[in-house]
Every structure is written in structure tokens, then in C-alpha cells.
Amino acid sequence: MSTEAVAVIPEPAPAPSLEVVPDLPAEVTVAKIAAGVTSALVDAWGAIRARHPDVPEAVISMATGGRVSAVELAHFAPRRWKLREGDERHHEVFVTAESLADGAPKVFGYLVHEAVHAANEARGVNDCSASQYHNKEFRKTAEAMGLVQRPDVSEKWKKKYGFAGTELGDEAAKTYAKEIAALDKAMRATRTPDIFATRTRGGGGSKGGTTDDADTADAGGDGEAPTGKKEKEDRNYVKAVCQCEPPAVIRVSPKTLERRNIMCGDCKEKFAPEESG
28 MSTEAVAVIP
38 EPAPAPSLEV
48 VPDLPAEVTV
58 AKIAAGVTSA
68 LVDAWGAIRA
78 RHPDVPEAVI
88 SMATGGRVSA
98 VELAHFAPRR
108 WKLREGDERH
118 HEVFVTAESL
128 ADGAPKVFGY
138 LVHEAVHAAN
148 EARGVNDCSA
158 SQYHNKEFRK
168 TAEAMGLVQR
178 PDVSEKWKKK
188 YGFAGTELGD
198 EAAKTYAKEI
208 AALDKAMRAT
218 RTPDIFATRT
228 RGGGGSKGGT
238 TDDADTADAG
248 GDGEAPTGKK
258 EKEDRNYVKA
268 VCQCEPPAVI
278 RVSPKTLERR
288 NIMCGDCKEK
298 FAPEESG
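In our numbering, the protein residues as written are 28 to 304.
These are computed hints drawn from the structure, not numbers from a lab.
Each hint should be verified, as a subset may be incorrect.
Said to hold, decoys possible - Below are the DSSO-like pairs computed for lysine-lysine, each with C-alpha atoms no more than 30 angstroms apart in a straight line: (1) 201 to 185; (2) 266 to 297; (3) 212 to 163; (4) 266 to 185; (5) 266 to 282; (6) 282 to 185; (7) 133 to 282; (8) 297 to 212; (9) 133 to 205; (10) 167 to 186; (11) 266 to 183; (12) 201 to 59; (13) 282 to 186; (14) 266 to 133; (15) 266 to 205; (16) 201 to 212; (17) 109 to 59; (18) 201 to 133; (19) 133 to 297; (20) 133 to 183; (21) 212 to 186; (22) 167 to 185; (23) 187 to 133; (24) 186 to 133; (25) 183 to 167; (26) 205 to 59; (27) 59 to 295; (28) 295 to 282; (29) 59 to 133; (30) 167 to 133; (31) 163 to 187.
Small disclaimer: the values here were computed from a predicted structure and weren't measured.
Using the sequences plus the hints, can you model the full thing?
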């Protein structure tokens with residue numbers, strides 16, 4: 028039985044809103060932004076295959092990951108697409124729109140990660156368990172294709188997910204510099220993460236009617252993938268507020284607040300660390 032493989036991500040699934048680059052060229056309409064990114068991803072996959080013939084053809088797509096983007100940046104699914112004529116089936120490589128916020132070099136690294144799974148699938152090599160542990164077979168192919176272990180991955184995380192926490196190495200980044208630049212040029216917008224915080228309008232609360240709930244408004248931890256169970260380990264969350272009056276308050280890890288643009292659905296402003304005073 029084949030197992031789908033995903034690249035894990037610690038942040039939760041946001042409710043998206045489109046953040047468009049102001050200097051959008053006249054020849055590129057908003058409606059064509061996603062098509063441009065997908066086209067660049069297709070070209071990138073072709074470049075990977077040109078250097079690694081074991082990587083098979085695949086249907087490349089890009090769209091919102093929705094709730095599933097809480098735990099994955101991209102995925103490879105074998106034999107998901109069937110041609111209208113004949114019985115031939117093709118693999119799927121899906122890149123979430125939310126991952127674009129990480130920048131072109133990292134997104135290209137996610138694509139190479141899925142190419143590793145695709146190459147191993149073509150060889151009949153099992154490189155990932157149902158629990159997403161990336162084994163030594165994955166590591167061997169990943170290193171051959173230019174991936175390295177991210178330096179921020181903890182020993183606990185590696186024990187649970189193996190070699191899953193990868194990024195593009197320096198040499199591979201130089202090799203694919205042209206494709207990364209093309210992908211960066213195509214990424215004219217990102218899907219902005221949005222954390223819904225509950226705020227009560229009107230009286231009743233001694234602090235402006237603010238609901239401060241780490242369970243419902245938490246934006247994720249540092250370096251750990253969600254498991255569906257509450258974590259028992261200590262986490263150093265900080266309070267972040269929007270620009271509403273009174274402001275909505277969320278609790279979030281400092282790393283998540285630094286990496287992600289978390290936007291309030293009401294005032295459309297980004298959450299920022301609460302000033303002490």
C-alpha cells in the first residue's frame with residue numbers, strides 16, 4: 028500500500044486573504060497570479076527532472092492548503108491523476124499557496140523534497156512511514172538531490188520525523204538559481220495567514236471585552252508538527268494585538284509571529300507584540 032508523504036509545518040491553517048505586490052506589471056492581472064506561479068513550479072519540476080532522471084512526470088498544482096496547510100507545505104501523491112483516454116495514471120505534486128510566504132528558495136526546496144519522494148516511488152523504495160517518519164532511504168536520496176537538514180530542527184523532532192526537516196543546500200541553490208529567480212518573479216502575491224480571535228464588542232469586560240484564549244487563538248509552536256493532542260511541554264508564548272479598539276489578543280510563539288504575517292479579519296492590520304507598560 029502506498030503512503031502519501033507530506034512536508035510538515037508547525038504553523039496552523041490560516042483563513043487566507045490576498046496580499047498583492049503594489050507594482051504588479053500591466054501584463055500580469057490578479058486573475059493570472061496563481062497561473063504564473065503554477066507555470067514556474069512546472070518549469071522548476073522539469074529542471075529537477077533534467078538533472079535527476081529518476082524523478083517521474085507529475086501533475087503540478089498550487090492552491091490553498093486550507094486546514095491541511097497546518098501540517099504540510101507540499102505533498103506528493105502517487106497515481107492520483109488518470110488520463111481521459113486510456114488507463115495511464117500520473118503522480119501529483121501539490122504546493123500550498125500558504126508556503127509562498129516563505130520565499131522562492133524555500134518553496135523550491137519544498138519542491139525538491141517532493142521530488143525525492145517521487146524518485147523513490149519510481150524506484151519502488153519505501154522512504155516514509157504512515158506517521159511521516161522520513162527514513163535513511165529518504166535521506167540518501169535527499170542528500171543526492173541537494174537537500175540538507177535544517178539547522179533549527181530539534182533532536183526530539185528528528186526522532187519523530189527523521190530527515191523530514193529539509194532545505195535546499197548551498198550548492199543546489201546555485202545549481203537552480205535560474206529557476207529560483209523565475210519562481211521569485213512569478214510570486215507576485217502571497218496568501219496572508221489570518222488568525223481569528225474572538226472579541227466582544229460593547230461592555231462587560233474589565234479589559235475592553237477581550238477574549239484571550241491560548242487554545243483557540245494559538246498560532247502554533249516552534250519546530251513541532253501538530254499531532255491532534257495537546258502538547259505538555261512548556262512553550263514561551265507572547266501576546267500579540269491588532270489595531271482594533273479594543274484590540275483582539277492572541278497568544279503566539281515569537282518565531283511564528285516573526286515568520287508569518289498574521290492579520291486581523293476586522294481591522295485588516297497585522298498582529299504585533301503587545302507593548303508592556
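Hint check results:
1. 201 to 185: 27 angstroms, holds
2. 266 to 297: Answer holds: residue 266 to residue 297 is near 13 angstroms, not above 30 angstroms.
3. 212 to 163: 35 angstroms, violated
4. 266 to 185: 29 angstroms, holds
5. 266 to 282: 13 angstroms, holds
6. 282 to 185: 19 angstroms, holds
7. 133 to 282: Given that 30 angstroms is the threshold and the Cα spacing comes to 17 angstroms, the pair holds.
8. 297 to 212: 25 angstroms, holds
9. 133 to 205: 14 angstroms, holds
10. 167 to 186: 17 angstroms, holds
11. 266 to 183: 26 angstroms, holds
12. 201 to 59: The hint holds at about 29 angstroms.
13. 282 to 186: OK: residue 282 and residue 186 at ~22 angstroms, within 30 angstroms.
14. 266 to 133: 28 angstroms, holds
15. 266 to 205: Since the Cα atoms of residue 266 and residue 205 sit roughly 41 angstroms apart, the hinted pair is violated (cutoff 30 angstroms).
16. 201 to 212: 17 angstroms, holds
17. 109 to 59: 26 angstroms, holds
18. 201 to 133: Judged against 30 angstroms, a Cα distance of about 13 angstroms means the pair holds.
19. 133 to 297: OK: residue 133 and residue 297 at ~23 angstroms, within 30 angstroms.
20. 133 to 183: Holds. Residue 133 to residue 183 sits at ~23 angstroms (cutoff 30 angstroms).
21. 212 to 186: 37 angstroms, violated
22. 167 to 185: 16 angstroms, holds
23. 187 to 133: 22 angstroms, holds
24. 186 to 133: 23 angstroms, holds
25. 183 to 167: 21 angstroms, holds
26. 205 to 59: With Cα atoms ~22 angstroms apart, residue 205 and residue 59 stay inside 30 angstroms; holds.
27. 59 to 295: 24 angstroms, holds
28. 295 to 282: Status holds; Cα separation ~21 angstroms.
29. 59 to 133: 22 angstroms, holds
30. 167 to 133: The hint holds at about 20 angstroms.
31. 163 to 187: Holds, at roughly 13 angstroms.
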